[in-house]
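Asker: Here's the letter readout for the chains.
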Amino acid sequence: MGNDLVVPAIVAVTLVTVAIGFYGLRLARTTSDFLVASRVVSPTWNAAAIGGEYLSAASFLGVAGLILKYGVDVLWYPVGFAAGYLALLLFVAAPLRRSGAFTLPDFCELRLGSRRLRTLATVFVIFIGWLYLVPQLQGAGLTLATLAGSPYPVGALVVAAVVTANVALGGMRAVTFVQAFQYWLKLTALAVPAIFLALQWQADGRPAVTPPDGATFRTATTVVVEQRAVLTLSDGQTLEVRPGDELSFAEGEPVPEVSGVANGAADWLLPSDAGSDDRGLFGTYSLILATFLGTMGLPHVLVRFYTNPDGAAARRTTLVVLALVGVFYLLPTIYGVLGRIYTPQLLVTGQTDAVVVLLPEAALGAGTTGRLLAALVAAGAFAAFLSTSSGLLTSVAGVISTDVLGRGSVRGFRLATVIAGVVPTVLALNVSGLDVSQVVGLAFAVAASSFCPLLVLGIWWRGLTDAGAAAGILVGGGAAVASVLVTVLGPALTGWPATLIAQPAAWTVPLAFTVMIAVSLATRRRAPTDIGRTMLRLHAPDALHS
Amino acid sequence: MAAEDAPPAPRRPDPAGTPDATAGSGPPARTRVVLAEVSRRSRWPAGTHTELTQQTRVGEALVRGLVRAQLALALQLSAVVMVGLGGLPWLFAIAPSVGRMTVLGVNLPWLLLGVLSFPFLVAVGWTYVRLAERNEQDFTDLVQRPER
Chain A
1 MGNDLVVPAI VAVTLVTVAI GFYGLRLART TSDFLVASRV VSPTWNAAAI
51 GGEYLSAASF LGVAGLILKY GVDVLWYPVG FAAGYLALLL FVAAPLRRSG
101 AFTLPDFCEL RLGSRRLRTL ATVFVIFIGW LYLVPQLQGA GLTLATLAGS
151 PYPVGALVVA AVVTANVALG GMRAVTFVQA FQYWLKLTAL AVPAIFLALQ
201 WQADGRPAVT PPDGATFRTA TTVVVEQRAV LTLSDGQTLE VRPGDELSFA
251 EGEPVPEVSG VANGAADWLL PSDAGSDDRG LFGTYSLILA TFLGTMGLPH
301 VLVRFYTNPD GAAARRTTLV VLALVGVFYL LPTIYGVLGR IYTPQLLVTG
351 QTDAVVVLLP EAALGAGTTG RLLAALVAAG AFAAFLSTSS GLLTSVAGVI
401 STDVLGRGSV RGFRLATVIA GVVPTVLALN VSGLDVSQVV GLAFAVAASS
451 FCPLLVLGIW WRGLTDAGAA AGILVGGGAA VASVLVTVLG PALTGWPATL
501 IAQPAAWTVP LAFTVMIAVS LATRRRAPTD IGRTMLRLHA PDALHS
Chain B
547 MAAEDAPPAP RRPDPAGTPD ATAGSGPPAR TRVVLAEVSR RSRWPAGTHT
597 ELTQQTRVGE ALVRGLVRAQ LALALQLSAV VMVGLGGLPW LFAIAPSVGR
647 MTVLGVNLPW LLLGVLSFPF LVAVGWTYVR LAERNEQDFT DLVQRPER
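In order, the protein sequence lines correspond to chains A and B. Residues in the first sequence are numbered consecutively from 1, following this note's numbering. Residues in the second sequence are numbered consecutively from 547, following this note's numbering.
Hints listed in this document are in silico derivations from the structure and should not be mistaken for laboratory results.
If we take Cβ atoms under 10 angstroms as the criterion, some of the chain B residues that face chain A in the derived model are: (1) Leu617; (2) Gly632; (3) Asn653; (4) Phe664.
These stretches of chain A come out as covered by chain B in the derived footprint (C-beta under 8 angstroms, 3 or more residues): (5) 72 to 84; (6) 87 to 96; (7) 283 to 292; (8) 306 to 316; (9) 326 to 332; (10) 529 to 538.
Built from N, CA and C at the ideal position, the CB exists for glycine as well.
In isolation and in its complexed conformation, chain B is listed as follows (with noise of 0.2 angstroms):
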């Protein structure tokens, strides 16, 4: 995997060339994976990506936006996980007659750590992927649009 080792390109980030350049001889299949590459590639305007990776102090500025973004949502939803879950330990350790109260016949903390817990978790992630997906969004519409 010596291409692995190499730097990573420096103009045109592109994960899927590491790996392939590894294959040596590889079969005529995986033409096919890089030629879906570079239909994919000529969507965008070369300008665009241009600002971007020549280091401009906008196309800095975007990027830096973009992640501070994304770094404060996931703060966000770890610090709901931190008191909705973390809390708990706490809770039923300075009340104890929390963790005595029973809902049809269980005992609440097993209740809210044995079942209620995953929907939570599952929840919280689904809400994350939503919202980083919309920060996303911004950025591309934003990067986009000095070309349209």
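So here's chain A without its partners, still in its complex pose (with noise of 0.2 angstroms):
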């Protein structure tokens, strides 16, 4: 791809991005500065800033690509997603703010007294931030890989030096601003090209998204194999590709068939039917419990509430991340569907997540509009890649610098800054083959089944041990994690047990909760014993404290 404008685009996220961390370097003088923002921060600006924490490589790319891929079905991940806060802020913003916790650890000890308890919960924390991280830097790769031809490590290291540095240097005074920053211009870079996209549609005459006699290429198209598959020609011949296999199309041949990949218009189009596809029901239904109940359980958006000066505060801070959040959203779903006319040839190769990034040359031309958009999206996907691994590395580092290093300096945190960049940074290098979206699902599923049963149920429960809850986190979490090691490095599935290990959540979360209540039931004599105070901490209305 030979756009010359991305690689400045790409510098020039990355130098305002130190900027703004250097302009709160200037502000961030003690530890609790560091951690968390000393509480001083306007609820406009915290929302922007979740919501830009929070909109990562796999909503600005990863909901697009799935979109092209396969459909309707897969609307679920954005809806999810936004979804997410709304069950945050049922369940647990405003407790939580009041409890006074800054993670997850801190609310295990402050809700259950016990030090064993936030030990595993530290655990936890630490492998759901790294899961999370991995494919963060892995689609920093491939997205400068892709456009502007640098080797995969390039981008990996890039962004994990840039946000070790900013975190370590800044902490998340710094990272507020960053975040707020990054939240709208990641907006702007969707939304501007999506206007073109939708005039330029409109100028070539509307062309259909599912033609009736299926897509075809509207240029002479040289495609080269990214993954195997198994194409099925227009004349109904067969072919199988390996990756580096070069295939050319000429202009008006249709798109052949590609394995695995919802091919066909009423495929693509229409929701999966009841007795057809059962498999299909369950994973929606499984996407749906992990996307709606594991944010509330990701480490860096919890770290988020304690910048709320109180509850309320955090209420309404959620609400305006849910709106927010709920805008952007809307985008991704146009770049998939005009995906599906412009940019065919992504389902032959393999490489959907990169529909975003290629999508305004290939619409446009690569003339100066289409060039500049193009620079403009890739600056986006970088601001997505900065902004969730600085959100990610700040939480992973607080809870390292406070559980595993033990200590509340400045220094201590820093040192633990760069333990937590380092880890995932070796990691990404090491497995490119993962497939971002899926990752970043199973780190949800994971949450959902630890974290989300211990919040809800400690919040509203007066009988919730710590046994119970550990009892729960071990089964429903360890659970979720045994499918996560077996999707990643175990034998390639097929059928139910498939479904089931790749989409845990429909079966992880209610075994979770389930083990969390009937263990706190049958230990009912660990109850803390000043629960009454607690619960008043927790839901009195903010004037009454203090």
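Fit the two chains together into the complex; they arrive one by one in their own frames, and the hints show the way.
Answerer: Spelled out as structure tokens, the structure:
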């Protein structure tokens, strides 16, 4: 891709990120400044920062790629990512802020007074944080490789280095400004090209998204295959392709059917049916459960709540976040749908995640407009990698500095940041074959099966005990972690086992809740004696506190 | 962050105090925050708060009532979402003809999921914030009444 504007755009985003980081650095002085931005961040800034931190590579690139590939069934990803904030608002936001807990391990200790539970929560926070960081760094490597032709490790290393330095030097105060800026950058970077794309589609005479005779190539296209697949050509002939194979298609030639992709109009356009596609339906519900309930268990999301002045502000901030995130998620669908018309070759190469960055030039041509828009989208994608990685790194480093290193100093936090940054970088450089969106989905499933029950029951049920919480996290979260490991490292499965392992939330979340409640009831004597006081602290209106 | 590890202050749950203690020798700017807390504190009669924190039977019942009201509200609104959104895959599965309906040339599932679900979620969230704040106001009024 010979777009000479992409690299300057990415450099500009990185420089602005670092510059805002240093602006924040002048203000960050004490440990509490570093970790919680001194709780003087205004709700609007905070909401934009939460949105900026939340919209990761999976949202910016992955959702559009999935829609291009699978159609209507994966619209549940953006809906679920947004609805997660509603679940957070309904069950967690205000009480969590009032609890005064800064991290999940803090919450465990405040609510249940158990050091051992705190350690267990620490392990899960670090696991989820790293599981979520690896695909961000990979996404950066793949984007830079696609757009600028650099080797894969360059993008991953650039993002890892910038983010680690920024978090270590500026802490969360700086990160708050950076994140808020990056929300608006990401929204602009998708919205402006989307307007141009829609106008271009009008000007082209509104070509059908699912033409009755199947999709065709609009221009002569040469495709380099990146993933193994079986193609079914228009004359019914099948062809097995391997990475590196080159295929040429003439203008107007039909797009071959690709194995493992929603090809036909009906398959892509319509939801799964009962009877014929029960596993698809199970997968949909599992996805809904994981995304709705997983958001509240993501470590970088919870840390943000401490920067609200009180519980009522936490609630209002969450509502603003829900609106901001909802506006953003209107956009990836447009890219996924138009990608069906302008970049059908991505279905053949398997690189559907690249649809957002390739679509502007594919639809508008390689003129100045197309290249400028492509550079804007690339800048937005880089903002997504930088902001989510910063948030994750801040929270993992916070937990490591508090619970593993056991120091409260600024230097301890910096050391923890370096440790927290190096491990996922090494992993990202060594496992380039993982699928970005799937790993992110698994991180949600683990969070939904471990921290969601802990938070919901801890906030609303007096009967929760430390033993019950630990058992629930170990069994539910453990089952989800095992599913992750089998998916990533294990043998390829087929049929129901594959579905149950690939989308585990529908059975691991109820399992975690059941075990947590049952063990708590069995160990009733261990319930904290000061529960009345804790409930008062969590639920009494803010004006009555103090 | 040694202070984060300490158990919560028993009498006066004051989350603001915890991280301040970690700051060590904080700059003068910190003092202002503390003073603001003190001035806010004085707005409330001492007796009200003591009644709640001293775990009297009345205080306990009041808090239980508030928690129950807030939980009921959260559960009711999640039921709205569960029916409104969670019912869609099931509806599309058992009645495929619904999925084939088009509005303005767009298939209904795309319109419902891709566009309308987001304002729906925001509307539910907005309702929750309003009603939850009303519950809290009721609670505050109830707690204050004996003093007035």
